[in-house]
Amino acid sequence: MATAKEIVSFKDVAKIYRGRAAVTDVNITIKEGEFVCFIGTSGSGKTTTMRMINRMLEPTKGTIIFKGKNIKKYDPVKLRRTIGYVIQNNGLMPHMTIKDNITLVPKLLKWSQEKMDQKARELIKLAELPENYLDMFPAELSGGQQQRIGVVRALAADQDIILMDEPFGALDPITRDNLQDLVKHLQETLGKTIVFVTHDMDEALKLATHIVILDGGKVIQDDTPDNILQHPANNFVKNLLGEERLLQAQQDTLSVGDIMSKNPAHITLGKSLSEAIWEMSRHHVDSLLVTDDSKKLKGYIDLETINDHYAKDLSVSDIYANNLIKVRANSYLRDTSERILKQGYKYVPVVDSDNTLIGIVTRASLVNVVFDAIWGKDELENPEDANLPASITEGSEKA
Amino acid sequence: MANQPLWNQLVFYFTHNGMYLLEQFGRHFLISFYGVLLAAIVGIPLGIYMANHFHLGDFIISIANVIQTVPSLAMLSIIMLWLGLGVNTVIVTIFLYSLLPILKNTYTGMKNVDPNTIDSAKGMGMTPFQMLYMVKLPLAMSVIMSGIRTAMVVAIGNTAIGAFVGAGGLGDLIIRGTNATDGAPLILAGALPTAIMAIVTDLVIGLLQKHFEPTGYYKTEE
Ligand SMILES: Nc1ncnc2c1ncn2[C@@H]1O[C@H](COP(=O)(O)OP(=O)(O)OP(=O)(O)O)[C@@H](O)[C@H]1O
Ligand SMILES: [Mg+2]
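Keeping their order, the protein sequence lines are chains A and B. Everything in the first sequence is counted per the working numbering, starting at 76 for the first residue and increasing by one. Everything in the second sequence is counted per the working numbering, starting at 22 for the first residue and increasing by one.
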């Protein structure tokens, strides 16, 4: 209950201007602590939807519940003082100092001067700007610095929900990136709920925990970023996301089981070393995975070790190595590929939940996936290649 | 060289009638000031109201425009028919002439406040009244001041004409000078202070206007 309380919910909300609907059939629920992005093309109704939350606009139809109460029951002026509000183009008061700007809502709430001064110092720190900026005027700050003030100002009266309408639209990419980090930080560390309007998908995917996609005044999809990437509702959403991101997402959720080779060369514990050598040559590899009779993974054995310890009466169980890493078939490839590619493992055996060997992921099959991601997904379904990797094959050729 | 005796006569007049001159100077200024003040009291709220109900804006401003086109002497005469001779007639005339610049500038000043600023002020929870005195008026103030400045300079000139209906002021000296056979020094004694008053008023209000400049740069230098 405490973790996911609803803070705002739209119920069949519509806003109609002189017979023309700006938004219709909006049903959205925003939970406390969420970072919600409204995204869509220009004119899709993002701003309209957002501005109904602080009663800057009144819905023509439907109801909006804010903290368990119909929004119409609140005095609009008092309501707005509890909701942070950040707009794109410098909503700062040009005739007020930065300090007066920051403490504007506290002033409306008639805080003591002392408390306001303290708040101003606290927030300028949060904005990562020096304290002497408090006495400057907005025109003396850069656009990015002004918007930093705009963002922290929305927190001055401890508002727990903040509305932002394309707040970083006018900033250069680097400044925008920094400010995105700032709001994300605020949302995560201070537990603020943020409703953020944008038309930049990268921004939405970077920040949001919940994305609402609007088109033509209707909600097209309302879900977590992951779910939207995995299951785009229609072609509009697919276009909005773009081919590249979809492919990336697909790769991100590919599991180890999806790309592993299913028949790794292996040998059981009880076999003799000569049988092991024969098995290696049959598969053109220089090492074998070792399992027990019920196919539980025990370790591996390689040609070098056999060479060093060769004796007719030894069996695999006497000299195999058991210090190998393995992965579960259902773990994500994105977590595994790092390990394999960066740390230089030639292969990683794949096991199921009770340690039964069911496959192997090799560098070669990973490289295939990476290439697919770069060149297109046409050949994504192909890694039904050799049982053991090329690198191992090479080794056996040398031997 | 003909100026030399005139200049001497002028200095003579100033030194011997200094008190009287000062009295007329003050009277002149106050007549202008009251007229403009009255116009500000009416014009600023009306301008604010017009800015909020902007369909009225053009209508009221066109009325004020028509008033402005009536020559000041004619206006004085018309009002004299109603209020008779005396200072009130002049104040009402000045009021009517000042109304347009003040009204127009208040209206424009209010209209020109950045809608983003207003939107964000409203979104932060200002009441309409707080919005007016904390945001709109301070931001429109410099434009309103420039309207008052224009009105004041015009008013100082018109007050001089007001002497025709017996209101007194520096215009009095000018009229007496035109009636006298050798009245040049008298005319100058009236006209010169009038001009100086207009220039100084213009400068002072200009400074005030700068002070209200919304960017805030000027305040940091204080
Ligand atoms: N005051 C208004 N009167 C009439 N129509 C309006 C008004 N405000 C918005 N609309 C219409 O409502 C629709 C949605 O507008 P809205 O501002 O919510 O779009 P948006 O998604 O925020 O677009 P943008 O990305 O351009 O800001 C648009 O078609 C717009 O023309
Ligand atoms: Mg918008």
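Rather than coming from a laboratory, the hints here were simulated on the basis of the structure. Nothing here was measured: the structure is a model prediction, and the numbers come from that model. Check each hint, because a few of them may be wrong.
[Unchecked claim] With a Cα cut of at most 20 Å, we get these calculated SDA-like pairs of lysine to any residue:
#1 A:Lys142 / A:Leu265
#2 B:Lys231 / A:Pro169
#3 A:Lys182 / B:Asp140
#4 A:Lys373 / A:Asn338
#5 A:Lys153 / B:Lys231
#6 A:Lys421 / A:Ala340
#7 A:Lys337 / A:Phe311
#8 A:Lys185 / B:Lys143
#9 A:Lys182 / B:Lys231
#10 A:Lys153 / B:Lys143
Do the hints match the structure? See the list:
{"no.": "1", "hint": "A:Lys142 / A:Leu265", "in the structure": "holds (18 Å)"}
{"no.": "2", "hint": "B:Lys231 / A:Pro169", "in the structure": "holds (15 Å)"}
{"no.": "3", "hint": "A:Lys182 / B:Asp140", "in the structure": "holds (18 Å)"}
{"no.": "4", "hint": "A:Lys373 / A:Asn338", "in the structure": "holds (16 Å)"}
{"no.": "5", "hint": "A:Lys153 / B:Lys231", "in the structure": "violated (35 Å)"}
{"no.": "6", "hint": "A:Lys421 / A:Ala340", "in the structure": "holds (14 Å)"}
{"no.": "7", "hint": "A:Lys337 / A:Phe311", "in the structure": "violated (38 Å)"}
{"no.": "8", "hint": "A:Lys185 / B:Lys143", "in the structure": "holds (17 Å)"}
{"no.": "9", "hint": "A:Lys182 / B:Lys231", "in the structure": "violated (27 Å)"}
{"no.": "10", "hint": "A:Lys153 / B:Lys143", "in the structure": "holds (11 Å)"}
In summary, the numbered hints that this structure violates are 5, 7 and 9.
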